[in-house]
Structures are given as structure tokens and as C-alpha cells.
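A.B. asks: Each chain is listed here by its residues.
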Amino acid sequence: MKKVVCILSLALTLGACGSKNEKKGDAHALNGTIKIDGSSTVFPVSEAVAEEFRNVQPDVKVTIGVSGTGGGFQKFSRGETNISNASRPIKDKEIAICKENNINYLELEVAYDGLAVLVNPENTWVDSFTIEELKKIWEPAAQGTIMKWNQIRPEWPDEEIHLYGPGVASGTYDYFTEAVVGKSGSSRGDFTASEDDHVLVQGISGDKYSLGFFGLAYYSENKDKLTLIGVHNGTEVVKPSLETVKNGTYSPLSRPLFVYVNSTSVKSPEVVEFVNFYLETAGELATDVGYIPLPEEKYTQQKESFKSFVADNQ
Amino acid sequence: MNNIQKNRWKDQAFKFWGIFCTMIGLVLLTIFIGDILIDGIRRIDWDFITDLPSRKAENSGIYTALMGSIWILALTTIIAFPVGVAAGIYLEEYAKNNKLAGLLEINISNLAGVPSIIYGLLGLEVFVRIMNLGASVLAGSLTLSLLILPIVIVSTREAIKAVPQSIKDASFALGASKWQTIWHQILPASGGGILTGVILALSRAVGETAPLIVVGALAYVPFAPQSPMDEFSVMPIQIFNWISRPQAGFIENAAAAIIILLGITFIMNGIAVYFRNKWQKKWK
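So the protein sequences, as listed, match chains L and A. This note's numbering puts the first residue of the first sequence at -4, with every later residue one more than the last. This note's numbering puts the first residue of the second sequence at 291, with every later residue one more than the last.
It is worth saying that the hints were derived from the structure and are not from the lab. Please note that the accuracy of each hint is not assured.
[What the hints assert, rightly or not] In silico PhoX-like pairs for lysine-lysine, Cα to Cα no more than 25 Å straight-line:
| id | chain 1 | residue 1 | chain 2 | residue 2 |
| --- | --- | --- | --- | --- |
| 1 | A | K451 | A | K389 |
| 2 | L | K70 | L | K56 |
| 3 | L | K241 | A | K568 |
| 4 | A | K346 | L | K56 |
| 5 | L | K220 | A | K346 |
| 6 | L | K241 | L | K56 |
| 7 | A | K568 | A | K458 |
| 8 | L | K218 | A | K346 |
| 9 | L | K178 | L | K130 |
| 10 | L | K130 | L | K234 |
| 11 | L | K293 | L | K86 |
| 12 | L | K56 | L | K86 |
Go ahead and model the full structure; you've got the sequences and the hints to work with.
C.D. replies: The following block contains the structure:
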């Protein structure tokens, strides 16, 4: 009797194995959950990829949170998420926590975001800015001293300059201040700040003597209400566009957007599949949501490095 | 101008000032609702309610957020209602004049004024991490329950206070115990008031974003929660997410979702008013 049970259970186990292998073989229908969290700037790209991934692998549940880049890394470094969205590279402090918890990761660039410098369409005097001029306007020392347009260039009008920018908690503000002032999060305080970029669009479009900055995607949606100003990159004046951000000439006001992948997660085939799918589709989907794709070869390169990352961590 | 005329004039002036003040709220609400309706009403259809979120504004819907909000609302009711009402009854009927009650009273009033994000931080540490519930519907509901408990307790006490002493006296005179008096006299008499308070507190909970974001509610979930341990999103997070997108279509989506959220709160307030009226009539 015992023998029969033994044989039966063996047969059952083998049978189960067989069917599992078969499943893997055909069209590899995967399931499982993939947890993503992090930057709200990167969110639209990841959301778009997750949406398309649903068509390919309907049983894989992808969830995305928006705790911000820092909040995302906090969860990522505790091993609570598989993938982290980030609008800046990981910081040393965060790397240390990852190491403490034995978490290895791979950094992947998925798209570019350009920062646009804008004025009112009735502003006829500004044709370009240099980074020095922007610094002179935005640095902390400018508060209360640089108040008029003609303080920047004498030929500009003797009128008050009204500044608009994203709120100090946003990654966009961090990035702008780092690129222009030289220190992340340091700027004058007397400007109109709003977390809602639509408010900035309205502010600048209704104020002849205004000057502001925000993500390029908001300019693309409001071209008729705003004038885009080119920024001198050291050799020439460049306006942000698909081309200039992609080829790196719109510098320093463009930045890469990242996703970070946890090494233990790549043991699950659904995560590997998802990241490969991400790198394949990110270029096209980034354009859909208002960002700028990387050059094609960059995606190919990263697919290769992801492949070896997966192989190293099996 | 003699004194009588002066007083009449003052009377009239105050009346108009009063009308003006009353109208501010009404006019603002009308403008606000009108603006939202113009922006969003065309976007609402069955697909909008049953579709999943999408990168294309015209394909996105609120299904998962709406389901998440309903789950949160149901669980929060189940948790906050019995606890809050029991605490209210205790404070009003049992612990009326001792020192502990005084201390509790001050603390409850203070808790009602604590910013909601602080509750989120508490929920993250206690429910998500220590109790290991994860960013689940249950953790979110527990956090929101804490948030609305003070409101439920205070309104329960107010409702119980409004029950005339004569009814209690009559009940005791007939030999009823304290519990019998509470269960058969006080609770039925104050039920309308208690329910009103609870429903208004829940209407507040349904609009909360900050504590749920801190607890870990998600912005993109392609499935509705199936159990209290599932991850979730809620309507206010979905609205906030859409508002911060550059494309005009998402703004329209946000307006449409706001209409639905407003609809939910209006219906809840309506139910509160209905219960209040029904109970009051019965009791008289």
C-alpha cells in the first residue's frame, strides 16, 4: 500500500514538473507581482510601460507608487520594491543603506527631461540667456538686489522682473538650482512657487515682465501662451527640443530619468521580462508622455548590460 | 436721527451683512461646482468608471481608484464606528466627572486638530512596519480610522448630551439598569445624531490624500483590491496624479473624477440628513 502511494506521489510530482516546463515553453505566460515606487517625474513613463506590458503579460501585476525619488530609494534599499523610479542618481547615503541590506542594483537610463526657460510672448527683448545670467537672477544673493530686467543686461527695460518656478520640494527645482546656481536646493526665496505647473503657465502667460522655468512637457502643451528662450551652453545658444536634448547640446538644463533594478528581483522571470520590455518600449512611450527618448544605441547598450546583470545574479 | 432710528439702521445693516456672509459660501460653492462641471461633465461615461488608468487621457478611467475608495470607506466604517461610538458612550455616561475623563477630553480635542499627514506617519510606522500589514487597504483604513475617531467621539457625545435627562430618569425609575437605559433609550434617541456625525467624518476620510500617500497607497494599480491585504489606490490620489500631468486631457479627467468624488460625498451627506430627520420624527 505504502509503495503504491509513494509511486503515485512520485508520478504526480513528475507530472507537475512536466506541465510546468511546458508552460514555460509556450509563449511564456508569466504571473506574479512587480512593485515599483519612486519619483513622480518618472511615473508617467513607468505607467505607460506597465500599461503596455499588460497586453503582453496580462497576469503580471505591476503596481507603481509615487513616494518621490528619496522615498522610493528608502523602500528600495529595504528590499520592499523591485524597481525604483528616480529623477536623479542614487546618493552615497542611499547606496550605503543598500549595502547594509545586501541589495545590489543596476542603474538604467530610460528617457531625458529638458528644463525650459520661459518668458511672456509680449517680451520682445530677451533672445537668450547664459547660465551666468540665470545664476545672477536665481542665486540666493539675488534676493532683494536683482529686481529689474536692466540689471541683467543694460539694454533690457527698466522694469521689475517677476519670477516663477516649481515648488522647492520638487525634483525639477533641485535639478535647476544644481545646474544653474551650483548647489542643489539653493536659490532666492522671493519667487512665485507652485507645485502645480499649470499655475506657472498661467502666471507667466499673464505677466509681461515674467520669467520662469519648468519641465519641457508643459511648454509643449502650451506653446501658444509662452515664449521659449534658448540657453547658451558654452559654445552656442540652444533651445530645448527633441533633437537638442537627445544629442546633449541643450546643456546643462536637461537630465536623464532613471530606473533602478534590484538584483534579487531579477531571479523572477517576470521582472526580467518587464525590464527588457521597458528598455524596448521606453523610447516610444517617453515621447507619448512628453519626455525625450535616448538615442537608440543607448537602449541597446543597456539591454546588454542588463543581460549580464541578470546572468550574474541568478 | 434719534436712538430708535439709529437702532433700526444698525439692525438693517447687520441683516445685510449677515446675508452677504451667508452668500459668500454659497456663491463660492456654486462657482466651484459650475467650473468643475463645465470642465469635466462631458468626460463622464460608463467607460470612464470601468477603465483602468492609462497614459492616454482619453483611455483612462477611475475603476481601480474608485474600488480602492469604496474598500477604504467600508473598512474604515467597520473599524471607526464601533470604537468611536463606544468611546463616546463611555465618556458621556460612565466617566463623567473623574480626572481621567478630563484628560481624555483634552486629548481628544487635540487629536482632532492634528494635521492628517502626522496620522499617515503614525500609520506607516505602526501598521505598515511594526504590525507588518504592508501598504494594504487594511493599513490605510486603520490610519483613516484613527484620523476620524476624534470626530466620531465628539459627535457621539454631542448626540447623547441632547437626549433629555427626563428620559433617562424615567428609565431608571422603572428599574432599568444603566446598560438597559443606554441600549433601549439613549442610543435610539441619539441614533440620528450619531449617524450624522459618523457619516460626516467618513466624508472627510474619503477625501484624504496625504496620510494614504505616506502609508504607501499607489498611483497605478491595474486591479481592484480583492482582500483587505491588497494594495490600492484612491480617488484623491488619482485626481492629484492627473492634475500634475501636462496634457490638457488629464485635466479634464481630473475634473470628471472630482465630480464623481463630490457626488459620493453629496450622497453621503444626503444619507446623513435623511437619518437625522427620520430618527427625530420617530422619537417625537
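A.B. asks: If you check each hint against the structure, which ones fail?
C.D. replies: 3, 6, 12
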